[in-house]
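Undergrad: These protein sequence lines are chains A and B, in that order. Counting from 1, one number per residue, gives the positions in the first sequence under our numbering. Counting from 1, one number per residue, gives the positions in the second sequence under our numbering.
Please keep in mind that the hints were generated in silico from the structure rather than gathered at the bench. C-beta atoms are modelled at their ideal positions from N, C-alpha and C, and glycine is treated no differently. Any given hint could turn out to be false.
Sample of chain A residues with no beta-carbon within 10 Å of chain B, all distances over it, derived [stated by the list, open to error]: (1) 44; (2) 194; (3) 406; (4) 419; (5) 441; (6) 670; (7) 695; (8) 756.
Covered stretches of chain B, going by a simulated chain A footprint (3 or more residues, C-beta under 8 Å) [what the hints assert, rightly or not]: (9) 24-36; (10) 74-83; (11) 99-105; (12) 248-261; (13) 319-333.
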Amino acid sequence: MEASLKLLNQYVKVDDFSSQEIADQLTSIGHEVEGIHAFARGDKLVVGYVKEKVPHPDSDHLNVCQVEVGNGVVQQIVCGAPNVDAGQKVIVALPGCDLGEGFKIKEAKIRGVESNGMICSIAELGIDQRLLREEDKAGIHVLDADAPVGEDALKYMGYDDTILDIGLTPNRADCMAMIALAYEVGALLKRDVHVPEMKTLNELDSDIEVDVQTDLCPCFGAKLVKGVQTKESPEWLRTYLMASGIKPINNIVDISNFVMLETGQPIHMYDYDKLKEKRFVIKTGFHQKTVLLDGKEYDILPEDIIVSTDQGIGCVAGVMGGDDTKIDDNTVNIVIEAATFHGATLRNTARRLNLLTDASQHYIKGAIDTANTARVLNRCAALLEELADAKEIYKSVLTDYEVKEKVITLTTSRVNGLLGTNISTEMIEDILTSLHFSYTREGETLTIKVPTYRNDMTMDADVIEEIARMYGYNHIPSSLPLMEMTKGALTPVQSYVRMMRHLLTDLGLHEVMTYTLTSPSMVDDFNLFHHQDAVALMLPIGEERSVTRKSLIPSLLQAINFNRAHAQKDVMIYEISHTYSKETEIQNLAIACSGMYHHVPWQQLQQKADFYLLKGFVETIFEKLGIKESRYTLKPVEANQQDFHPGRSGYIMMGNEIVGVIGEIHPQRAKKYDVKDVYVAELNLSVLLNLKKPAIKFTEIPQYPSVTRDIALVMDKDIPVHDVVRSICKAGQRLIVDTQIFDIYEGEHIASGQKSVAIALTFQDASKTLDDATINAMIEQILKVVEKDYGAHLRV
Amino acid sequence: MDELLKIKEEALSKIHDCSSLKELNDLRVFYLGKKGPMQSAMKSMKDMSKEERASFGQVSNKVKQEITQAIEEKKKILEEAEMLAKIQNEKIDISLPGSQLPLGTIHPLTMIREELEDLFVGMGYSVAEGPEVETDHFNFELMNLPKDHPARDMQDTFYIDENTLLRTHTSPVQAHVMLAANGKGPIKVICPGKTYRRDDDDATHSHQFSQCEGLVIDKNITMADLKGTLELFAKKMFGEKREIRLRPSYFPFTEPSVEVDISCYNCNGKGCSMCKQTGWIEILGAGMVNPKVLEMCGFDSQVYQGFAFGIGLERVAMLKYGIDNIRDFYSGDLRFLNQFVRKD
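Isolated chain A, as found in the complex (with noise of 0.2 Å):
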């Protein structure tokens, strides 16, 4: 909310402090100031007196103007306005005044003829223009005649005002109204603050019937008040209205707008001799169309509730009155209302209607103190009678209401409890008292009533935090619980995910985090863990984030072609990430690599990312984690998979799940993602790491030697070398510790449609040294089994 500073010492005075002391005592007590401007700007502003005007001699619509600035001195100004004329008294720009927006006023030679200043209009006062009339932004602004020429401009109209821009928290909304919020400053001051008279007036008997019938309207209040002059309103409320950020319409408007500025009530005004029957029924199950005084037409549903006259549609409560009730310049006699409405009620229908006006945000945010609003009808009246000539005022017509009285019991010792403070219970009688809480002490019980403008207090909690407030939160001391001892550690899958992460960051790989929302044209890509489908919102911001993502692979391609448009051709990353799909959450972990791993070129040092590279990740995260290569099997990928290379991609199989892929990303993926030569892998982490795992335990050094034979098999090129291997091992009978294979060959001295695996056999015997008859027998028994398994043999 925009704060008048001048307006506000109307009620507490303020004046003495500077804008930005009041600007921090406000926030201290939770009122954040986020924002301190002056209402209009302009250093070096007088009141000028036009003494002559003659045109300019080489222009047709400026003329050449001697104006009195002060003290005597009079300077020649060229003025282009068109109402500007001598013997006005005018705004003067001084030479030196900066206007702001690097618009600053300089002696200077307009079309040859000397002009040291400028006569302003309202408009380059740097005002809001919105704010503002036609005429104050078509000519210059002219002064009353009595204006005492060389004085402050800007002092002389009001305009020196601070504004003061105060984000209120949501539990506030009271101090919307500048009482309210009088009422805060003074209890943290000790000041007293001067609440307007609104008691009643010599009063009539009034004509006007309320019904309430529903019981989403607690109260309603209806005053008459006849023979209203419509007119400008007094430039004090005009200048009190613009420094509020409210637009001055004319005087009945502005009392409405001043009043709810005031004491935050909303005041809707209806035009008594345009109703036939002088009857307001308040209540819900309109539906139908009706035109607002915006004069648009609006549709009304059966929950909206309604002020209704006529038995139409007198005013949508709270949000916008009806067309053919409201007052206009030729209304004479008017009944106001003030009333309360149910909030969230209200906010369904001013959300709907897109009508969130300033009124219905009042009533939204629950700033109506229903207890005040006898009073501000009196309010209503008597400045109805003071700026717009009102000649009868009637008595009001309220519906009965209750306002509950709100009693909260509290001990010193609870307040102290809460806050980890020492405060006496002496403080806390002088802290509530500043709030204008009555209490009655017993001990240091306190039995406290709470002012019916404060709408947030509910329980003691609240009343503790009012007290927190007022004793200051920066004299809050400060100490660490005083508790019993509590484990701190990370869960086993938490240190899992972290180990694993510095894992592959070591590896140098580069850890990412991308958006969990993706579009339905990706999230099937790639996915193998989830079985159900996608997480869908109601409301998206757009197709492209939409649904959870199952796989992380799509997000990493991205973040690889992001990465490629820019020119980073190398990329290596991974993300630890939960999945999501209709009842299931997965923890995924996904590696993306393309170009290359390692590289010194002066060295032809290079290592390009490709299948093995990713298994190597893969291999080591495992062994990390304890997973026994027995575990799993890596299973090819089907001859007719769309998402990984089907001659380059394998499922990690445990059993019959997938627990995880290692693959280069299929062609057509490639297209589709616009990537090239990408190789990726995903796991399933929640089924990883909740496997269990054998603790780990130490196994005797060998003493003997082992003895390390190399061997090279020619077989049939489709074999997979891993399960020759695997024969090779069960037939060396566990005298086999390690087995290399350091050399695949096809091509000349090898038969087409077969390749020649060399392979280093480490044998070692921790019992006894081997010897070569040993060995060799092995070695026989090795190459009868693979000639039976593969029809493998000795290459020779």
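Since chain A is already given, all that's left is putting chain B on it; use the hints.
TA: Relative to chain A, chain B alone:
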């Protein structure tokens, strides 16, 4: 005798002139071997008298000794020269780049998350995560945001159906933890994770972001404890000189609620553009757990009380590293990630 001395002089001169270890070895074999001149000279001994033989033997031994010693000395010199030559030959350009292995990076939001986890785990907190696809009940109702609360308007939340949504904050994890504790304290937990709001993405808004919730519940937890805990956080993340300032604020799930500022680390509180001349930077929201939340989550609010805080990880990272576009976190841009290669 003269012959021996002649041999000696000739040998010493040749050893002196010798320039390689091989040549030196040849000289050794020649002079001290069985077929060398010394051996020939010895043959004349059989014709000598006993006295002559004794003195001849003496001289010959001495000559042998001298030659052996000269060879040993020369060998040392030659070996050293050879090693120096080898070293000279093996010289490389140490200014060429090393065969550095690739270095990956941890995402800056993860760095912040891990720093927080370490800080709080060290103080006895556990880490809870909770689902990102959450129910309305946990995300809002249990956080004291009933159905008609303005803060839960449709435009702010990604709803999946009437009762399911993408969590808008990590606060619902509080409720999961409290309900699992069955009304029995103490609870000390932090809840880091991803959160979502229905915002259009721009430099300062992201529909996906990260938070870290903190929750401590026991019988005597005070707002002073909250302040002390957050001071530790501020010092850990932004340096030992940081101070914090609490300002009253409002969150439905805490009462009293506070907004927490840290003294500006850029100007040490003097006022600069980073802190908008105030000397303070808004960093997080916190407060004492609202008794209504305690009750709804199975705790007796007459017995238990506690504090909660919510840290925006992007905000911390943006302040700490001077990042000004929130979208950088989610682009996977290596030019961004590579700046976080070192340990902070």
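Undergrad: Now tell me if each hint is right for this structure.
TA: Cross-check of the supplied hints:
1. 44: Consistent with the label, residue 44 of chain A stays out of reach of chain B, its closest Cβ about 25 Å off (over 10 Å).
2. 194: 25 Å, holds
3. 406: With a cut-off of 10 Å, residue 406 of chain A remains clear of chain B, as the shortest Cβ separation is near 15 Å.
4. 419: Its Cβ does come within 10 Å of chain B, the nearest being 5 Å, so this is violated.
5. 441: Per Cβ check, residue 441 of chain A is outside 10 Å of chain B; nearest 22 Å; holds.
6. 670: Nearest chain B Cβ is 17 Å from residue 670 of chain A, so the label holds.
7. 695: Answer for residue 695 of chain A: holds, closest chain B Cβ roughly 23 Å.
8. 756: 31 Å, holds
9. 24-36: Contact hint for the stretch 24-36 of chain B vs chain A: violated, 0 residues under 8 Å.
10. 74-83: violated (count 0)
11. 99-105: holds (count 7)
12. 248-261: holds (count 8)
13. 319-333: Held - the stretch 319-333 of chain B has 5 residues with a Cβ nearer than 8 Å to chain A, which meets the minimum of three.
The earlier numbered hints that this structure contradicts are 4, 9 and 10.
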